[in-house]
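A.B. asks: One letter stands for each residue in the lines below.
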Amino acid sequence: MSNYFEIKDLKINFETSEGIKNVININELNLYKGETFGIVGESGSGKSVLAMSILRILPSPPAFIKSGKIMFKGKNLLELKEKEIQKIRGKEISMIFQDPMSTLNPVFTVGQQIMNVIRHNKHLNKEDAEKEALRMIKLVKLPDAKNTLYKYPNELSGGQRQRIIIAIALSCGAELLIADEPTRNLDVTIQAGILKLIDELRKELGITVLFIANNVNLVFIVSGRVAVLYKGKIIEVGTSQEIKREPIHPYTRRLLGITPVDREISNLIEPDFKKEISLDDFACSYFCKCEERMEICKKDFPILTKIGNTHWVNCHRVINREVNNESASISH
Amino acid sequence: MSQPALVIENLKKYFPVYSGFPSRVRDWIKAVDGVTLNIKKGETLGVVGESGCGKSTLVNTILRLEEPTSGEVILEGKDIFHLNKREISLLRKEIQIVFQDPFWSLNPRWLIKDIVGEPLYVHLNLSLGGLLSKVEKLLETVGIPKTALYKYPHEFSGGERQRIAIARALALEPNFVILDEPTSSIDVFSQSQVLELLEKLKKEFNLTYILISHDLSVVKSMADKIAIMYLGRVVEYGPAEEVFKNPTHPYTNALFKAIPDANTKDINSIIALEGDVPSAINIPSGCRFHTRCPVAREICHKEEPPLVKLNKEHEAVCFLLEKSKKGESLL
Amino acid sequence: MSKKINYYNILIKRRLKALKEYLYLLKQNKLTFSAFIIILFLIIIAIIAPIIVPFPSHIYGAVNPQDKLLSPSWTYLFGTDEMGRDLFSRVLYGTRISLLGSLIAVAMGLLIGVPLGLMAGFYGGFIDEFIMRIVDMFLSFPPLLLAMAIAAFLGASLQNAIIALIISWWPWYTRLIRGQVVSIKEREFVRAAHAIGTPSWQIMYKHILPNCISPVIVQASMDLGGIILTLAALSFLGIGAQAPIPEWGLIVNTSRTYFLKAWWYGIFPGMAIFITVLCFNLLGDGLREVLDPKTKKY
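Protein chains in written order, with this note's numbering: chain A, 299 to 630; chain B, 54 to 384; chain C, 161 to 458.
Any given hint might turn out to be false.
What the hints assert, rightly or not - Below, in silico cross-link-like pairs of lysine-lysine (DSS-like), each with a Cα-Cα straight-line distance of 25 Å or less:
#: 1; chain 1: B; residue 1: Lys187; chain 2: A; residue 2: Lys542
#: 2; chain 1: A; residue 1: Lys542; chain 2: B; residue 2: Lys273
#: 3; chain 1: A; residue 1: Lys331; chain 2: B; residue 2: Lys93
#: 4; chain 1: A; residue 1: Lys439; chain 2: B; residue 2: Lys255
#: 5; chain 1: A; residue 1: Lys542; chain 2: B; residue 2: Lys199
#: 6; chain 1: A; residue 1: Lys449; chain 2: A; residue 2: Lys331
#: 7; chain 1: C; residue 1: Lys180; chain 2: B; residue 2: Lys138
#: 8; chain 1: B; residue 1: Lys187; chain 2: C; residue 2: Lys180
#: 9; chain 1: B; residue 1: Lys93; chain 2: A; residue 2: Lys542
#: 10; chain 1: B; residue 1: Lys204; chain 2: C; residue 2: Lys421
#: 11; chain 1: C; residue 1: Lys345; chain 2: B; residue 2: Lys146
#: 12; chain 1: A; residue 1: Lys319; chain 2: B; residue 2: Lys190
#: 13; chain 1: A; residue 1: Lys319; chain 2: C; residue 2: Lys187
#: 14; chain 1: C; residue 1: Lys345; chain 2: B; residue 2: Lys187
#: 15; chain 1: A; residue 1: Lys494; chain 2: B; residue 2: Lys187
#: 16; chain 1: C; residue 1: Lys173; chain 2: B; residue 2: Lys204
#: 17; chain 1: C; residue 1: Lys421; chain 2: B; residue 2: Lys199
#: 18; chain 1: C; residue 1: Lys345; chain 2: B; residue 2: Lys138
#: 19; chain 1: B; residue 1: Lys204; chain 2: C; residue 2: Lys228
#: 20; chain 1: A; residue 1: Lys494; chain 2: B; residue 2: Lys138
#: 21; chain 1: A; residue 1: Lys364; chain 2: A; residue 2: Lys501
#: 22; chain 1: C; residue 1: Lys180; chain 2: B; residue 2: Lys146
#: 23; chain 1: B; residue 1: Lys318; chain 2: A; residue 2: Lys501
#: 24; chain 1: C; residue 1: Lys190; chain 2: B; residue 2: Lys204
#: 25; chain 1: B; residue 1: Lys273; chain 2: B; residue 2: Lys255
#: 26; chain 1: A; residue 1: Lys371; chain 2: A; residue 2: Lys381
#: 27; chain 1: A; residue 1: Lys501; chain 2: B; residue 2: Lys131
#: 28; chain 1: B; residue 1: Lys190; chain 2: C; residue 2: Lys187
#: 29; chain 1: B; residue 1: Lys199; chain 2: C; residue 2: Lys345
#: 30; chain 1: B; residue 1: Lys318; chain 2: B; residue 2: Lys298
#: 31; chain 1: B; residue 1: Lys318; chain 2: B; residue 2: Lys355
#: 32; chain 1: B; residue 1: Lys146; chain 2: B; residue 2: Lys310
#: 33; chain 1: B; residue 1: Lys199; chain 2: C; residue 2: Lys187
#: 34; chain 1: B; residue 1: Lys204; chain 2: C; residue 2: Lys180
#: 35; chain 1: B; residue 1: Lys146; chain 2: B; residue 2: Lys131
#: 36; chain 1: A; residue 1: Lys542; chain 2: A; residue 2: Lys309
#: 37; chain 1: A; residue 1: Lys429; chain 2: A; residue 2: Lys449
Hints listed in this document are in silico derivations from the structure and should not be mistaken for laboratory results. All of these numbers come straight from a predicted model, not from anything done at the bench.
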């Protein structure tokens with residue numbers, strides 16, 4: 299339970315040519331002020347859908363938020379009218395994306411783009427806006443700030459553009475930054491710089507960062523607490539140390555490269571489980587790929603079980619272990 | 054067995070930049086600027102580098118999809134840039150490539166049987182039945198069921214598509230296969246499957262791999278030798294184990310420290326390099342890495358660093374290494 | 161041997177399945193589907209016209225002065241013209257002329273334009289420059305002036321009008337295809353084909369073309385309508401089909417003189433033009449939607 303930011307019972311469905319598909323099914327997710335919370339998920343896990351749903355920028359159709367609450371500072375973001383959520387976007391919650399080139403408008407200088415956002419939200423005159431823009435460019439540690447103001451996006455390198463994007467995102471005092479794969483398109487040596495920048499800004503400005511990526515090692519070093527997302531459900535959550543030290547869920551272990559890989563090539567032809575065994579809608583969604591599946595995994599979806607101070611896992615193996623311990627409640 | 058099967062000798066590929074009217078060549082993009090490598094048969098050479106280092110151009114040139122500006126590539130004794138038409142066709146059978154993007158490397162409008170059968174169709178004169186059997190066998194080798202023959206690429210997952218691409222690459226029974234980021238665009242389950250498959254095929258068909266990847270865990274698990282590229286040159290080369298244990302070139306060091314792995318503790322353990330990769334049109338004077346090198350000295354601005362042999366096969370291109378090898382103090 | 165039969169079996173089944181999918185998608189959009197049905201209907205009518213035409217002799221020649229300028233009746237469904245000819249029969253045959261004429265024009269335009277566009281985009285460099293400058297040149301001729309010039313040299317006729325239109329239309333396809341080719345040839349499956357050693361023409365026609373044909377199909381279907389309109393316009397101006405060919409535009413032209421006396425004269429061929437062109441436009445628009453979702457992920 300967090301008073302700052304909490305997602306509760308969120309269910310998001312997609313309309314596809316093959317019917318309605320459930321894309322997000324999260325019971326609970328909390329963010330505390332000033333932390334970096336990481337979400338690890340591969341493509342198809344729903345992490346971008348989750349990020350976009352917070353700011354209500356999901357294309358709807360085909361996406362539909364079926365139920366749930368996203369509480370931010372006491373207000374349910376999903377129930378706000380468009381005008382009200384407009385006030386939150388950019389000013390209280392900001393988002394940065396994977397590809398800086400498509401986020402920046404190639405026909406305006408970066409200075410103009412920062413100033414546009416500032417003037418729109420803060421109603422400053424031109425000179426003050428320019429001073430603010432300059433301050434933001436310095437904040438993201440771009441050298442030669444004065445000249446950078448007048449450069450066009452294509453005159454900057456990928457890393458520099460991403461810094462500009464961060465500057466724009468934080469220019470109006472946002473306190474929650476959602477970063478969806480911010481370093482995916484960047485070289486590794488540049489990536490390190492961006493990650494360090496985000497961490498420094500978090501400490502300097504006291505913001506909260508929701509960091510989403512599919513590189514598990516990246517997420518672990520950047521975040522204090524991490525949630526692992528698989529097919530729209532959180533299957534493990536805890537501090538980076540806890541999970542790294544003792545990853546419980548088979549998927550987490552596979553992501554961290556711990557699962558020994560010694561299957562025969564013949565097993566590569568995966569039989570279609572849905573036909574062979576009748577898979578209930580409530581079976582564990584990881585059943586088909588799990589090397590440690592048990593009978594019960596086929597019939598029952600496991601509930602989030604506490605196994606450490608802040609470490610929760612969604613797996614029947616753990617529930618069996620915990621059967622003798624205290625109640626497997628969900629409250630953090 | 055110890056004869057180098059693929060020799061790349063001072064290979065250069067420059068792309069012209071036109072400007073003015075009428076078009077004149079104003080500048081050159083020095084994508085590959087003097088690469089020398091030896092690869093032994095049955096080896097896996099890992100090539101590591103960031104964008105702009107020239108690895109894609111290197112690969113294109115080895116495949117003769119680009120003509121080199123200068124230098125030689127000798128494949129099993131034959132100089133690949135001086136072949137007649139028939140020999141070029143034979144070259145295609147010798148060396149093949151698996152691309153990074155499993156979605157776009159297969160023509161989305163073609164059936165799988167045509168995609169995998171294309172090399173056979175172009176080079177061999179098989180009957181329809183013969184072609185189909187061969188394609189079936191190839192798919193079997195990579196673990197794809199026969200029913201795939203009449204399906205389209207979009208009906209398969211990323212990992213499966215990558216395996217189909219591998220089947221296509223093996224159709225003509227090449228000795229060399231270039232793997233261009235084979236696992237970057239697929240999910241973690243498929244990654245291990247694909248890597249396993251590649252290892253198995255290597256042993257079974259005695260293949261020689263050139264593996265390009267920025268995922269160090271993949272390079273670590275597969276490569277025998279590794280070459281680090283920066284701005285068109287190889288800056289460090291050696292047995293994979295050795296280079297991972299003792300990265301000597303400052304760039305290699307920075308690169309390894311910038312990539313987080315399972316052992317990286319926190320954000321302070323990763324190193325960020327200052328500045329950006331210089332453009333390949335204006336390569337820095339002296340050592341091309343000096344603009345970003347944390348330990349650059351005077352001489353690095355002025356002269357090109359020598360190739361320093363560290364031990365048997367481990368070598369790097371750096372002044373500081375030369376000095377430390379000679380026992381001199383590091384300025 | 162059985163493999164061969166099996167192969168063709170499965171191939172046919174797959175093609176049928178794909179066809180069913182397309183029809184399903186087409187049905188989604190009611191408007192497009194109606195347009196499609198109407199066009200099918202028109203095609204069928206054009207084909208069976210010789211069988212159902214009530215007054216075959218009225219189509220071209222036979223003058224029937226006692227029945228001139230009669231208003232529509234059960235005998236003469238669309239009325240008669242100033243020579244006593246049944247307008248229904250003439251407009252019916254006009255369908256054949258318009259549909260066939262535009263089909264030929266578009267087909268020839270594609271036959272010239274598409275290969276040139278493929279070559280320009282694929283080879284680039286000098287070939288690209290050369291072909292595109294020629295395209296620019298041809299695009300600068302106003303179709304009307306071109307038709308008039310050809311009419312002046314070779315005489316005014318339906319055939320010459322079609323030739324003029326082919327010359328005016330092919331460059332659009334070249335331009336359309338070339339743009340697509342330039343972006344598609346960078347795709348990895350094209351590089352893969354190069355690496356396999358596939359000859360260039362095979363890469364162009366078997367790899368690149370299937371992937372860039374959709375916008376051309378859309379444009380061509382809309383052009384079928386546009387060409388009918390332009391042919392009618394040329395006939396209207398006197399430099400296209402000449403009497404006694406029952407081309408719609410020509411009939412409308414002739415009807416001008418009798419406009420006040422015989423309201424039915426120009427209306428029916430005019431409506432025919434309108435409906436046909438409208439349906440082709442709607443079909444083209446709808447096709448755009450149908451052909452693209454293949455790449456949609458949802």
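A.B. asks: Hints first: check each against the structure and report whether it holds.
C.D. replies: Taking the hints in turn, this is what the structure says about them:
no., hint, in the structure
1, B:Lys187 to A:Lys542, "violated, 46 Å"
2, A:Lys542 to B:Lys273, "holds, 21 Å"
3, A:Lys331 to B:Lys93, "violated, 56 Å"
4, A:Lys439 to B:Lys255, "violated, 47 Å"
5, A:Lys542 to B:Lys199, "violated, 41 Å"
6, A:Lys449 to A:Lys331, "violated, 35 Å"
7, C:Lys180 to B:Lys138, "violated, 45 Å"
8, B:Lys187 to C:Lys180, "violated, 31 Å"
9, B:Lys93 to A:Lys542, "violated, 39 Å"
10, B:Lys204 to C:Lys421, "violated, 65 Å"
11, C:Lys345 to B:Lys146, "holds, 23 Å"
12, A:Lys319 to B:Lys190, "violated, 36 Å"
13, A:Lys319 to C:Lys187, "holds, 24 Å"
14, C:Lys345 to B:Lys187, "violated, 28 Å"
15, A:Lys494 to B:Lys187, "violated, 53 Å"
16, C:Lys173 to B:Lys204, "holds, 12 Å"
17, C:Lys421 to B:Lys199, "violated, 74 Å"
18, C:Lys345 to B:Lys138, "holds, 23 Å"
19, B:Lys204 to C:Lys228, "violated, 64 Å"
20, A:Lys494 to B:Lys138, "violated, 54 Å"
21, A:Lys364 to A:Lys501, "violated, 36 Å"
22, C:Lys180 to B:Lys146, "violated, 40 Å"
23, B:Lys318 to A:Lys501, "holds, 19 Å"
24, C:Lys190 to B:Lys204, "violated, 30 Å"
25, B:Lys273 to B:Lys255, "holds, 16 Å"
26, A:Lys371 to A:Lys381, "holds, 18 Å"
27, A:Lys501 to B:Lys131, "violated, 60 Å"
28, B:Lys190 to C:Lys187, "violated, 41 Å"
29, B:Lys199 to C:Lys345, "violated, 30 Å"
30, B:Lys318 to B:Lys298, "holds, 18 Å"
31, B:Lys318 to B:Lys355, "violated, 38 Å"
32, B:Lys146 to B:Lys310, "violated, 39 Å"
33, B:Lys199 to C:Lys187, "violated, 34 Å"
34, B:Lys204 to C:Lys180, "holds, 16 Å"
35, B:Lys146 to B:Lys131, "holds, 14 Å"
36, A:Lys542 to A:Lys309, "violated, 28 Å"
37, A:Lys429 to A:Lys449, "holds, 16 Å"
The structure shown violates the earlier hints numbered 1, 3, 4, 5, 6, 7, 8, 9, 10, 12, 14, 15, 17, 19, 20, 21, 22, 24, 27, 28, 29, 31, 32, 33 and 36.
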